[in-house]
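There are 2 protein chains.
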Amino acid sequence: MPKACILIADGTEEMEFTITYDTLVRAGVSCASAYVAAEGADASSTSPPFARGSRGINILPDMFFSPQDCTPDKFDLLVVPGGATGAATIAGSAPVQHLVRRFLEEGKFVGMICAGSLAAKTAGLPKQPLTSHPSVKSELEKEFEYSEEPVVVSGTLVTSRGPGTTFPFALTLVELLCGADRRSEVAGPMVFPPHTFA
Amino acid sequence: MPKACILIADGTEEMEFTITYDTLVRAGVSCASAYVAAEGADASSTSPPFARGSRGINILPDMFFSPQDCTPDKFDLLVVPGGATGAATIAGSAPVQHLVRRFLEEGKFVGMICAGSLAAKTAGLPKQPLTSHPSVKSELEKEFEYSEEPVVVSGTLVTSRGPGTTFPFALTLVELLCGADRRSEVAGPMVFPPHTFA
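So the sequence lines, in the order shown, correspond to chains W and U.
Per full-length UniProt numbering, the very first residue in the first sequence carries number 1; after that it's consecutive.
Per full-length UniProt numbering, the very first residue in the second sequence carries number 1; after that it's consecutive.
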């Protein structure tokens, strides 16, 4: 069973987080959400606090993020969701940046969506095709081959644009981890309107 | 500012809950999530426990559901999300059934999605157009004018099908509460792929 580590912080876009996590679980991917504390925050507790989403939904993460626990030998996929404040915390974390590089170096998948794509820049990834939320395009278009496709796959780096592209983003991750048949099996019961994502 | 009460229980489909809540907040609707305890559960605490979603995401509700606090004089919209177990708890609650009737009698909106549409049956609503998740169609098609459209508006009752139709469901609620212009303003930054929901 493939395993995914989905990062979350205060200010994470809760639709992007939830759609990705839930769709992967439906595909049989074992998911763990890992809370990235803002710089200077008290991270001494043994259990993570609620992450307050960008639109006020409080989500209890499964674990604290730690560079020792969220490694490519334990997970097949690392996901960085958007939400301006949450993405700033996650993309600004040096341990996250280090892990993004390690996952890609070891051929594991990394997903970034919306403002989460800023982690490609902060991690210093080489120039390659990428997309993001339009609001952060100007911060990425020089360093990357910027695309406006809903989902961009570049090797094992998968990027996407916003809440409205999270279903195709998550289903693309399902297809890469579990195959095209599983993607269809998962999409069917989700009842997409005709001519959308199925 | 319109106000929405979004019900949640253990087993609620977390994408349907989160997309609806978040999209309404983006439109300027004041949202409160209200936890419906399963029958026989201890509801004596003053603050609700987290609701464990159908795919394992734990969400902290804003308040306990109570027939005194979730009334049509306080809210313009009542939402029943899906997820088989959560919908069974919510649709099976006599106080919820009573409130569904009161909201509709007073011309307020009621949204039901996925298995949440079973609340139309348990509340004893009159025969009218309605949709639901295909898995519960057989329980509804005799009592209602069953439709397979992604979103069905019947007076102030709005029904929909599953996670894949939650964006058009939520955007329809935005349009009904706040107008078509607000729907467009909200949909734009969500970056839907061309030819989907915007």
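No lab work stands behind these hints: they were computed from the structure.
Hints should not be assumed to be uniformly reliable.
Identical copies look the same in the list; a pair holds intra-copy or inter-copy alike.
[As the list claims (entries may be wrong)] SDA-like cross-link-like pairs, simulated, lysine to any residue; straight-line CA separation at most 20 Å:
id	residue 1	residue 2
1	K3	R55
2	K108	E143
3	K137	P189
4	K137	G188
5	K74	T85
6	K127	A180
7	K142	A37
8	K137	P194
9	K3	G56
10	K74	E149
11	K121	E185
12	K137	A94
13	K121	S135
14	K74	T122
15	K3	N58
16	K3	S147
17	K137	P193
18	K74	E143
19	K142	G188
20	K74	Y146
21	K137	M1
22	K137	T122
23	K3	S138
24	K137	L125
25	K108	E139
Results of checking the hints against the structure:
Only between protomers do K3 and R55 lie at most 20 Å apart by alpha-carbon distance; the minimum there is 15 Å, versus 28 Å within a single protomer. For the homomeric pair K108 and E143, neither the shortest alpha-carbon distance inside one copy (22 Å) nor that between copies (51 Å) is at most 20 Å. In the homo-oligomer, the alpha carbons of K137 and P189 lie at most 20 Å apart only across protomers (13 Å), although the nearest pairing inside one protomer, at 34 Å, exceeds that limit. In the homo-oligomer, the alpha carbons of K137 and G188 lie at most 20 Å apart only across protomers (15 Å), although the nearest pairing inside one protomer, at 33 Å, exceeds that limit.
When the C-alpha separation of K74 and T85 is checked against a cutoff of 20 Å, the pair qualifies neither within a copy, at 27 Å, nor between copies, at 31 Å. Proximity of K127 and A180 under a CA criterion of 20 Å is satisfied in neither setting, with 28 Å inside one chain copy and 41 Å between copies. Proximity of K142 and A37 under a CA criterion of 20 Å is satisfied in neither setting, with 29 Å inside one chain copy and 52 Å between copies. For a Cα distance limit of 20 Å, the shortest separation of K137 from P194 across copies, 18 Å, qualifies, whereas the shortest one inside one copy, 30 Å, does not.
Within a single copy, K3 and G56 get their C-alpha atoms only as close as 28 Å, which misses the 20 Å cut-off; across copies the closest is 15 Å, which meets it. Proximity of K74 to E149 under the C-alpha cut-off of 20 Å is found in neither arrangement, the shortest distances being 31 Å within a copy and 43 Å between copies. Taking the shortest Cα distances, K121 and E185 never come within 20 Å of each other, neither inside one copy (35 Å) nor across copies (29 Å). With identical chains, the CA atoms of K137 and A94 are never at most 20 Å apart, being 22 Å at best within one copy and 50 Å at best between copies.
Taking the closest pair of Cα atoms, K121 and S135 come within 20 Å of each other only inside a single copy of the chain (15 Å); across copies the shortest separation is 44 Å, beyond that limit. For the homomeric pair K74 and T122, neither the shortest alpha-carbon distance inside one copy (23 Å) nor that between copies (46 Å) is at most 20 Å. Within a single copy, K3 and N58 get their C-alpha atoms only as close as 24 Å, which misses the 20 Å cut-off; across copies the closest is 19 Å, which meets it. Proximity of K3 and S147 under a CA criterion of 20 Å is satisfied in neither setting, with 28 Å inside one chain copy and 38 Å between copies.
Taking CA atoms no more than 20 Å apart as the test, K137 paired with P193 passes between copies only; the shortest distance there is 17 Å, against 29 Å inside one copy. Taking CA atoms no more than 20 Å apart as the test, K74 paired with E143 passes in neither setting, with 30 Å inside one copy and 51 Å between copies. For the identical chains of this complex, K142 and G188 are neighbours neither inside a copy (39 Å) nor across copies (24 Å), given an alpha-carbon limit of 20 Å. In the homo-oligomer, the alpha carbons of K74 and Y146 never lie at most 20 Å apart, since the shortest distance is 31 Å inside one protomer and 47 Å across protomers.
Taking identical chains as interchangeable, the C-alpha atoms of K137 and M1 are never at most 20 Å apart, the minima being 35 Å within one chain and 32 Å between chains. With identical chains, the CA atoms of K137 and T122 are at most 20 Å apart within one copy only, with a shortest distance of 14 Å there and 49 Å across copies. Within a single copy, K3 and S138 get their C-alpha atoms no closer than 33 Å, and across copies no closer than 36 Å, so neither meets the 20 Å cut-off. In this assembly of identical chains, K137 and L125 lie within 20 Å of each other by CA distance solely inside one copy; the values are 16 Å within and 49 Å between copies.
Proximity of K108 to E139 under the C-alpha cut-off of 20 Å is found in neither arrangement, the shortest distances being 25 Å within a copy and 44 Å between copies.
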